[in-house]
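Go ahead and model the full structure; you've got the sequences and the hints to work with.
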Amino acid sequence: MMDGAALFAATVPVLRHYLGRLDALVAAASSSALERRLADDVFPAGVQFRTAQSFALRTVFPTLGRTVPKLTHVGQTAALLAARSDEVRGLLAPLAAADFDGAADRPVTHAAGEATLTQPGADYALRFALPNFFFHLTMGYATLRGAGLALGKADFDGLHAYAPGFRF
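Those letters in the sequence shown? Residues 4 to 171, by the numbering used here.
Hints in this document: simulated from the structure, not taken from any laboratory.
Only a predicted model underlies this, so the values are computations on that prediction, with no experimental measurement involved.
Hints may be right or wrong, so weigh each one.
Label-pair distances were calculated between CB atoms; the ranges are [claimed, not checked]: (1) F169 with K73: 35 to 43 Å; (2) D6 with G151: 43 to 51 Å; (3) P167 with A115: 22 to 30 Å.
All C-beta atoms in this analysis are idealised placements derived from N, C-alpha and C, irrespective of residue type, glycine included.
Right under this line is the structure:
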């Protein structure tokens with residue numbers, strides 16, 4: 004069984020880190036790259052990043068039994084995405100491990116596409132919401148790569164290091 008401190012550690016610091024990576028990806032992209040799509044029937048990169056930002060809040064707030072805050076920045080330009088990340092970080096900043104007491108077992112009822120699911124908080128956060136955050140972040144990254152940006156794994160996670168020009 005997961006306690007509140009472990010659930011906090013698995014979500015909030017991870018989301019904060021990868022919001023920073025999202026910001027770096029957006030800063031490297033041109034406006035036309037943010038409008039690119041991997042395929043005709045998927046969101047453009049900017050919308051993928053915006054959706055990831057929303058999932059940062061959707062991961063945490065329902066788990067805490069709170070309403071997901073509405074964000075004021077809704078565009079997908081680099082400037083609006085940067086402002087939106089700042090807003091998301093500001094909403095996550097005051098959260099502490101103590102806020103997650105009891106959250107792992109708290110039922111969360113939510114929409115998953117057209118399905119309505121009820122999951123314990125830990126399952127919701129770790130098996131649904133956080134993977135959706137990473138799905139949209141990765142889709143945005145892949146779209147930027149497809150648009151020709153010279154990005155690599157180190158740009159995605161901020162942890163890897165490779166020789167200049169190395170790609171896989």
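Going through the hints against the structure:
1. F169 with K73: 35 to 43 Å: About 42 Å separates the Cβ atoms of F169 and K73, which means 35 to 43 Å holds.
2. D6 with G151: 43 to 51 Å: 46 Å, holds
3. P167 with A115: 22 to 30 Å: Given range 22 to 30 Å: violated, Cβ gap about 42 Å.
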